[in-house]
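S.K.: Numbering (this note's numbering), first residue to last: 1 to 175.
Everything labelled a hint here was simulated from the structure, so no lab data went into it. Any given hint might turn out to be false.
Claimed, not checked - Derived DSBU-like pairs (lysine-lysine); straight-line CA-CA distance at most 35 Å:
#, residue 1, residue 2
1, 170, 62
2, 170, 156
3, 170, 116
4, 62, 116
5, 116, 58
6, 143, 156
7, 143, 170
Unchecked claim - Pair ranges (Cβ atoms, derived):
#, residue 1, residue 2, range
8, 159, 81, 38 to 46 Å
9, 137, 112, 34 to 42 Å
10, 134, 69, 48 to 56 Å
11, 78, 99, 35 to 43 Å
12, 58, 158, 43 to 51 Å
Positions of the beta carbon are idealized from the N, C-alpha and C atoms, including for glycine.
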Amino acid sequence: IKQQLEKRWGPVACQSVRLGSSYLSDDKILSSIPADKRSELHLELDKVHEYNHISSLKFTTKPDAILGDADPNIPRVEMCCGHAVDANSLTGWARSEIEANRIEFHCPAGLANGSKCNAVWEYPEVRRNALLTDAEIEYFEMKLSEQAMHQYFDMKTCPNCGFFSQQAQKGNRRV
């Protein structure tokens, strides 16, 4: 599939191809996928080649704390708590946390006693280790800012203009 996509769109830095929740093998032919299912194809972009440009990262062979993947060909970095992640899984996980209106990132790795690590991962560490693109950084920071205003300052979004506002007097519905 990757070769067929590259013929059509040029070079694709693609780590894997997924149809729904199933990963497709490299030898799968695009024409073998029903036309009505092709819109469900997801390319997982390969960000890990960018790790070469950041010297402050600590690399490890530990399994990915998010997906549990232990593929030795996928570089993973060690987070502050000692658990490992790769850029793609960290980006997807952070996006899901943000979309669930969470503004703090906590390590999701399971521990031997059945609990979660739950160590706090600061946003700058997540941003650096996830190798976020400029567009991802803009989206993540906009969403985090909005959520922080709602959570910490009891700000509301005006349904008409979209600006944030705060009640001058609690209990008074007018701003």
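S.K.: A separate judgement is required for each hint: does it hold in the structure or not?
M.R.: Each hint tested on the structure:
1. Taking the CA atoms of residue 170 and residue 62, the gap is about 51 Å. The hint is violated against a cut of 35 Å.
2. Restraint check: the Cα-Cα separation between residue 170 and residue 156 comes to about 13 Å, which is no more than 35 Å; the hinted pair holds.
3. With a C-alpha separation of about 38 Å, the suggested pairing of residue 170 with residue 116 is violated against the 35 Å cut-off.
4. A C-alpha spacing of about 17 Å is found between residue 62 and residue 116, which places the hinted pair at or below 35 Å, so the restraint holds.
5. Only pairs whose Cα atoms come within 35 Å are accepted, and residue 116 paired with residue 58 is accepted, the gap being roughly 22 Å.
6. Annotation: proposed proximity of residue 143 to residue 156 holds, straight-line Cα distance about 14 Å (limit 35 Å).
7. The straight-line distance between the Cα atoms of residue 143 and residue 170 is roughly 25 Å, inside the 35 Å bound, and the hint therefore holds.
8. Our hint of 38 to 46 Å for residue 159 and residue 81 holds, since their Cβ atoms are close to 41 Å apart.
9. A hinted range of 34 to 42 Å holds for the C-beta pair residue 137 and residue 112, which are about 35 Å apart.
10. For residue 134 and residue 69, the Cβ-Cβ distance of about 27 Å falls outside the hinted range of 48 to 56 Å, so the restraint is violated.
11. Restraint check, residue 78 to residue 99: a C-beta distance of roughly 26 Å breaks the suggested window 35 to 43 Å.
12. A C-beta distance of roughly 45 Å is found between residue 58 and residue 158, which places it inside the suggested range of 43 to 51 Å.
Checked against the numbered hints above, the structure violates hints 1, 3, 10 and 11; every other hint is satisfied.
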